[in-house]
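Chemist: For reference, the chains in residue letters:
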Amino acid sequence: MHNYLIKRLLSTIPVLIGISLLLFFMLRMLPGDPAQVLAGQMATPKEIENIRHQLGLDRPIYEQYAIYMSHLVRFDLGLSARTQNPVIDEIWARLPNTLLLAVVAITLACLLGIPAGIISAVRPYSWIDYLVTLSALFGISMPVFWLGLMLMVVFAVMLQWLPAGGTGSWQHVILPSITLAAFVVAFIARMTRSTMLETLSQDFTTTARSKGLAEKVVIVKHALKNALIPIITVVGLQFGSLLGGAVLTETVFAWPGLGRLIVDSILARDYPVIQGAILIFGLLYIFVNLVVDLIYAFVDPRIRYD
Amino acid sequence: MSEQAKPLLEIKELHTRFHTLDGIVKAVDGIDFEVYQGETLGLVGESGCGKSVTALSILQLLPCPPAEIQGRILFEGKNLLDLDQEDVRKIRGNDISMIFQEPMTSLNPVLRIGEQISESAKVHKSMTRQEAWRWAVEMLRMVQIPEPGSRSRQYPHKFSGGMRQRAMIAMALSCNPRLILADEPTTALDVTIQAQIMTLLQRLKDDFKTAIVLITHDLGVIAEMASRVVVMYAGKVVEEAPIKELFKDPRHPYTQGLLGSIPVIGRKEQTGRRLQEIPGIVPSPMETPLGCRFHPRCHKVMNRCCEQEPPMIHLNEHRRVSCWLEADSVVKESQAGSR
Amino acid sequence: MLSWTRESVMTENPYRRIWAKFKRNKVALVGGVLILIYVLSAFFAPVLFPGNPSAPNLMRSLESPTLKDPLGTDELGRSILGRIIYGSRISLLIAVGVVSVGIILGIPLGLVSGYYGGKIDFGIQRITDTMLAFPGFLLALALVAVLGVGLKNTVISIGISMVPLYIRLVRGCVLSVREEDYIEAARAVGTRDVIILLRHILPNVMVPITVQTSLSMGMAILFAAGLGFLGIGVQPPTPEWGTMLGSARSYLFYAPHVATFPGIAIFLAVLSFNLLGDGLRDALDPRFKI
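Residue numbers (numbering that gives the first Met the number 0), protein chains in the order written: chain A, 0 to 305; chain B, 0 to 338; chain C, 0 to 289.
For the record, the hints were derived by calculation from the structure and aren't laboratory data.
Mixed in with the good hints, there may be bad ones.
Distance ranges between label pairs, derived from CB positions [unchecked claim]:
1. C:Leu174 with B:Met103: 16 to 26 Å
2. A:Ser193 with C:Gly116: 23 to 33 Å
3. C:Pro202 with A:Ser193: 17 to 27 Å
4. A:Arg301 with B:Val190: 25 to 35 Å
5. B:Glu286 with C:Leu174: 34 to 44 Å
6. A:Pro123 with C:Pro235: 41 to 51 Å
7. C:Gly171 with A:Phe297: 24 to 34 Å
8. A:Pro123 with B:Gln275: 41 to 51 Å
With a cut-off of at most 27 Å between alpha-carbon atoms, the simulated DSS-like pairs for lysine-lysine come out as follows [claimed, not checked]:
9. A:Lys224 with B:Lys121
10. A:Lys224 with B:Lys208
11. B:Lys77 with B:Lys25
12. B:Lys5 with B:Lys157
13. B:Lys89 with A:Lys220
14. A:Lys215 with B:Lys89
15. B:Lys77 with B:Lys208
16. B:Lys121 with A:Lys220
17. A:Lys215 with B:Lys124
18. A:Lys224 with B:Lys157
19. B:Lys243 with B:Lys299
20. B:Lys243 with B:Lys5
21. A:Lys220 with B:Lys124
22. A:Lys215 with B:Lys121
23. A:Lys6 with C:Lys118
24. B:Lys157 with A:Lys6
25. B:Lys124 with A:Lys224
One side of the interface only, derived from the structure: several residues of chain B facing chain A at Cβ under 8 Å [said to hold, decoys possible]:
26. Lys11
27. Glu101
28. His156
29. Met311
30. Ile312
Every value quoted in this text rests on a predicted model; they were computed, and no experiment measured them.
From the three backbone atoms N, C-alpha and C, an ideal C-beta is built for every residue, glycine too.
So that you can see chain A by itself, here it is in the shape it has in the complex (with noise of 0.2 Å):
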């Protein structure tokens, strides 16, 4: 297992290193000059100097990048050209929503979609399995945002039982998470109905049959003891997505998150929080991904026992 470990840790770093050339790039690429488009447009031509000397502009390319780098180890990324305001503030006050956004529907994505497809790939095409399917379908077509407005007007415009929008009480919460969660419990379902049925015509699943275990045994106990070790890294995939879709959803419900920052940011052109936000997007991404490829090293004996 620790190979694994060491080799997966590894994995990240240029990955990491992908991502901050990426950025430093996308600046570059923009048309105009880098540090006005910093700046902003309601910069004054001192601050705009100011921006051209702090991340070394004027000299070559390779020092640009050190000087970069060494802003981005401390989390330091610049001010917002909106509000002048520190982005890795702006940033941080926002991201506990977010993230509270995407854990709840992760949640209930989990609890509802995992179940949902083990009773659908162990009843296959019975009316169970034919609606679970179908709203697993459904759940994949529809568009987040779409479905935002339809659940707002009708329980809080039509119903008036939830707040349409804004935070403050779990109520706020519902309307906002419960439209994040629908494509990924559909998500979570297909892939669960589908290693299931993958999983229950597998040879050993015969073999415990063959000594005359119980059903139930055979699918909790034999079964889905392996197909969890897929769901799992699937949920942790859905879980990047979420945090695509929050950018949406944030939209539409006025929930203050980091999703609804980048497109506040990209209307207004504030790059330094375009960049900043897509930054920390990133690395949340990859975090996610690490924990999900060590929960898998432990869950898995082969990996686990190596």
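Assemble chains B and C onto chain A, guided by the hints.
Modeler: What follows is chains B and C alone, placed relative to chain A:
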């Protein structure tokens, strides 16, 4: 090899069909045979002849639908196909158990070996967890796995192919079944390991006094262990005989072909013949030939063989063949000597 | 366990078999039919709905569905039905464009990466890893931030964000096929690498690519609608469904129909591509299906 009057297992008119999108596949198309207590019955045939499906049908391990099993499978007098799921479960692993072909994939990779062996004992013999685990360690010792105590706590990926097969054997024997269905137990193993496993199986069979149905396409394995042999082709039984008689005097052209295709050093000098092969390939179960199923590949084919399926001829109380050649020569049996 | 040898299978036309299997899958057929409807309506849009769908008609602003305008009108008095029909052109254009970018860039890179291995593989894989370090939509978002808004940039951004998926898919396929005996035989006979790649490896890749393409088209429409909704995709007055939804937000509470119908259009389009993709996957699955 004492045959008691009552057979342990009787297969009568077994038909196993699969309903597929492309049509009905008749994997087993009307077979019967018997297994007596304590004996080793060889079930021989090429890949696709239905021998594995027969074993799976006995324990009802095929998903129904799409499979459909008809006929009678009498175990100690009771028809297994009439029993409900609960009773079938009680027989599996307990009275009848099975050894599978691929030890690599037949063991659950996320459960410890000891756990997998002790499961049946816990279920069928009401042992506690500790008792069952100790029994599992004992079983591992009996199949000659060194350091069974620590090995039992390991996962299957730590075991070599031969060791995994030993573990499978331990699993199958753990509740002292009266019958073991061994489906190609050595096919997936190296030749040297094969010999070891066969020796082990033979010894354990004598110790536990189990009957074995040894399913294989390897005649060498059959020659080592079986006392009687049933030869299958394309879902039907074509010949049945005690082992010595089968090897010395095979009656069905298919059996003759099988025996003729075994490479033997010095055969060319002795008999002047080269290695024989059976031309053609096994027919698809969805397109079985009319008449005798073997007729497209038979070197002694007659007109009759293409039109009508040959009946089963009982040559004596231990031998039977399904071939038109025998049907004709039964009349001449009294006159003709041995062939 | 069960092995059927069947000479006739080798001489039978494989496409007939696939088509037969596909027909049996009713759900996939529904998907195919729906897509056909979209394609036809995109093609015949001017016939179905004469006139300029983006021309404002403020007299009829925000009208509920009537017989004349079965889906009502939007805030500028334009027929929603008409805009949805014309919107199918945009969406299909985007879907095809995105997948083309993915295929044109993804297949060669995947083939090369998988077949040659070594440093090329390492390099391409690290780049792919970096791109996959972001959830798809976010990557498209980031690219839009750089490239700017509009239809062309939407297609390019989403297309590029799909490339790593294709590279992974193709590479995986190549890796599993690379060790097959017939590849080694071809090499032993002296066949040039390019020919091996095109003649022997590429056909194997086509199966998963086809399935992925159908699913990717659905995803592309979804992503494009998302960008449009946020205001950074296709710009008004072009009738892209997501953009329409975005503009409808302000009137959500008193004219919800403006937001409902374009959303349904997106939903059905994506659904049909998913159905088709699933059906293709089942039909093309070489495993023995009972």
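Chemist: Next step is simple, just say for each hint if it's right about the structure.
Modeler: Each hint, compared with the structure:
{"no.": "1", "hint": "C:Leu174 with B:Met103: 16 to 26 Å", "verdict": "holds, 21 Å"}
{"no.": "2", "hint": "A:Ser193 with C:Gly116: 23 to 33 Å", "verdict": "holds, 30 Å"}
{"no.": "3", "hint": "C:Pro202 with A:Ser193: 17 to 27 Å", "verdict": "holds, 25 Å"}
{"no.": "4", "hint": "A:Arg301 with B:Val190: 25 to 35 Å", "verdict": "holds, 28 Å"}
{"no.": "5", "hint": "B:Glu286 with C:Leu174: 34 to 44 Å", "verdict": "holds, 36 Å"}
{"no.": "6", "hint": "A:Pro123 with C:Pro235: 41 to 51 Å", "verdict": "holds, 47 Å"}
{"no.": "7", "hint": "C:Gly171 with A:Phe297: 24 to 34 Å", "verdict": "holds, 25 Å"}
{"no.": "8", "hint": "A:Pro123 with B:Gln275: 41 to 51 Å", "verdict": "holds, 47 Å"}
{"no.": "9", "hint": "A:Lys224 with B:Lys121", "verdict": "holds, 20 Å"}
{"no.": "10", "hint": "A:Lys224 with B:Lys208", "verdict": "violated, 36 Å"}
{"no.": "11", "hint": "B:Lys77 with B:Lys25", "verdict": "holds, 25 Å"}
{"no.": "12", "hint": "B:Lys5 with B:Lys157", "verdict": "violated, 44 Å"}
{"no.": "13", "hint": "B:Lys89 with A:Lys220", "verdict": "holds, 19 Å"}
{"no.": "14", "hint": "A:Lys215 with B:Lys89", "verdict": "holds, 15 Å"}
{"no.": "15", "hint": "B:Lys77 with B:Lys208", "verdict": "holds, 21 Å"}
{"no.": "16", "hint": "B:Lys121 with A:Lys220", "verdict": "holds, 14 Å"}
{"no.": "17", "hint": "A:Lys215 with B:Lys124", "verdict": "holds, 19 Å"}
{"no.": "18", "hint": "A:Lys224 with B:Lys157", "verdict": "holds, 19 Å"}
{"no.": "19", "hint": "B:Lys243 with B:Lys299", "verdict": "holds, 24 Å"}
{"no.": "20", "hint": "B:Lys243 with B:Lys5", "verdict": "holds, 23 Å"}
{"no.": "21", "hint": "A:Lys220 with B:Lys124", "verdict": "holds, 19 Å"}
{"no.": "22", "hint": "A:Lys215 with B:Lys121", "verdict": "holds, 15 Å"}
{"no.": "23", "hint": "A:Lys6 with C:Lys118", "verdict": "holds, 18 Å"}
{"no.": "24", "hint": "B:Lys157 with A:Lys6", "verdict": "holds, 22 Å"}
{"no.": "25", "hint": "B:Lys124 with A:Lys224", "verdict": "holds, 25 Å"}
{"no.": "26", "hint": "Lys11", "verdict": "violated, 22 Å"}
{"no.": "27", "hint": "Glu101", "verdict": "holds, 6 Å"}
{"no.": "28", "hint": "His156", "verdict": "holds, 5 Å"}
{"no.": "29", "hint": "Met311", "verdict": "violated, 30 Å"}
{"no.": "30", "hint": "Ile312", "verdict": "violated, 35 Å"}
The structure does not agree with the numbered hints 10, 12, 26, 29 and 30 stated previously, though it agrees with the rest.
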